[in-house]
Amino acid sequence: MPTVMVVDDALFMRAFISKLFEEWGFTVVAQASNGKKAVALFRELQPDIVTMDLTMPVMTGLEASKHIMSEFPNAKIVMITALGQQRHIKEALTYGVKDFIVKPFKPEELKRIVDTLFS
1 MPTVMVVDDA
11 LFMRAFISKL
21 FEEWGFTVVA
31 QASNGKKAVA
41 LFRELQPDIV
51 TMDLTMPVMT
61 GLEASKHIMS
71 EFPNAKIVMI
81 TALGQQRHIK
91 EALTYGVKDF
101 IVKPFKPEEL
111 KRIVDTLFS
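For what it's worth, full-length UniProt numbering labels the leading residue of the sequence shown as 1, then goes sequentially.
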């Protein structure tokens, strides 16, 4: 089973995204509430895919993605951003983030992105 790490500062969002991935046959190996924890957990677990919130305390998703991609250029990171933050997406894509999705999102939108990354 492919593995996933869900990174978001909102507990309800981590739970929601984790549940979706479990329904799709993934194993959720980690959750993180900020980018600093995400970088440390990625180094330790190297999950197959990461969903990364953009706005978080301690370290943003943008900064965390930059760190992860510099060490693990093949990492599959999907950035999740609130409406109005899309200006950061171009920067994230230059770091190697694979795709992005805007909150609020429909599960089928995320599923389409995930399927594309694993096809």
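Treat the hints with care, as some may be off.
[Claimed, not checked] Result set (PhoX-like, lysine-lysine): computed pairs, CA atoms no more than 20 Å apart in a straight line:
{"#": "1", "residue 1": "Lys36", "residue 2": "Lys66"}
{"#": "2", "residue 1": "Lys19", "residue 2": "Lys66"}
{"#": "3", "residue 1": "Lys66", "residue 2": "Lys76"}
{"#": "4", "residue 1": "Lys90", "residue 2": "Lys19"}
{"#": "5", "residue 1": "Lys103", "residue 2": "Lys90"}
{"#": "6", "residue 1": "Lys19", "residue 2": "Lys36"}
{"#": "7", "residue 1": "Lys98", "residue 2": "Lys76"}
{"#": "8", "residue 1": "Lys111", "residue 2": "Lys98"}
{"#": "9", "residue 1": "Lys66", "residue 2": "Lys98"}
{"#": "10", "residue 1": "Lys90", "residue 2": "Lys66"}
{"#": "11", "residue 1": "Lys106", "residue 2": "Lys66"}
{"#": "12", "residue 1": "Lys111", "residue 2": "Lys36"}
{"#": "13", "residue 1": "Lys19", "residue 2": "Lys111"}
{"#": "14", "residue 1": "Lys19", "residue 2": "Lys106"}
{"#": "15", "residue 1": "Lys111", "residue 2": "Lys66"}
{"#": "16", "residue 1": "Lys37", "residue 2": "Lys90"}
[Claimed, not checked] Restraint-style ranges between C-beta atoms, simulated for each label pair:
{"#": "17", "residue 1": "Glu22", "residue 2": "Lys103", "range": "18 to 28 Å"}
{"#": "18", "residue 1": "Arg87", "residue 2": "Gly25", "range": "27 to 37 Å"}
{"#": "19", "residue 1": "Ala40", "residue 2": "Lys106", "range": "13 to 23 Å"}
{"#": "20", "residue 1": "Met1", "residue 2": "Arg87", "range": "27 to 37 Å"}
No lab work stands behind these hints, which were simulated from the structure alone.
No residue lacks a Cβ here, since even glycine has one placed at the ideal position from N, Cα and C.
Quick rundown of the hints versus the structure:
1. Lys36 to Lys66: Given that 20 Å is the threshold and the Cα spacing comes to 11 Å, the pair holds.
2. Lys19 to Lys66: violated, 26 Å
3. Lys66 to Lys76: holds, 12 Å
4. Lys90 to Lys19: At roughly 28 Å apart (the allowed maximum being 20 Å), Lys19 and Lys90 break the hint.
5. Lys103 to Lys90: holds, 17 Å
6. Lys19 to Lys36: violated, 23 Å
7. Lys98 to Lys76: Holds, because 6 Å separates the two Cα atoms, which is no more than 20 Å.
8. Lys111 to Lys98: Holds, at about 14 Å.
9. Lys66 to Lys98: Given that 20 Å is the threshold and the Cα spacing comes to 12 Å, the pair holds.
10. Lys90 to Lys66: holds, 13 Å
11. Lys106 to Lys66: violated, 26 Å
12. Lys111 to Lys36: violated, 26 Å
13. Lys19 to Lys111: OK: Lys19 and Lys111 at ~12 Å, within 20 Å.
14. Lys19 to Lys106: Holds - the C-alpha atoms of Lys106 and Lys19 are around 14 Å apart, at most 20 Å.
15. Lys111 to Lys66: violated, 24 Å
16. Lys37 to Lys90: Measuring from Cα to Cα gives roughly 24 Å; hence the hint is violated.
17. Glu22 to Lys103: 18 to 28 Å: holds, 20 Å
18. Arg87 to Gly25: 27 to 37 Å: holds, 34 Å
19. Ala40 to Lys106: 13 to 23 Å: violated, 31 Å
20. Met1 to Arg87: 27 to 37 Å: holds, 36 Å
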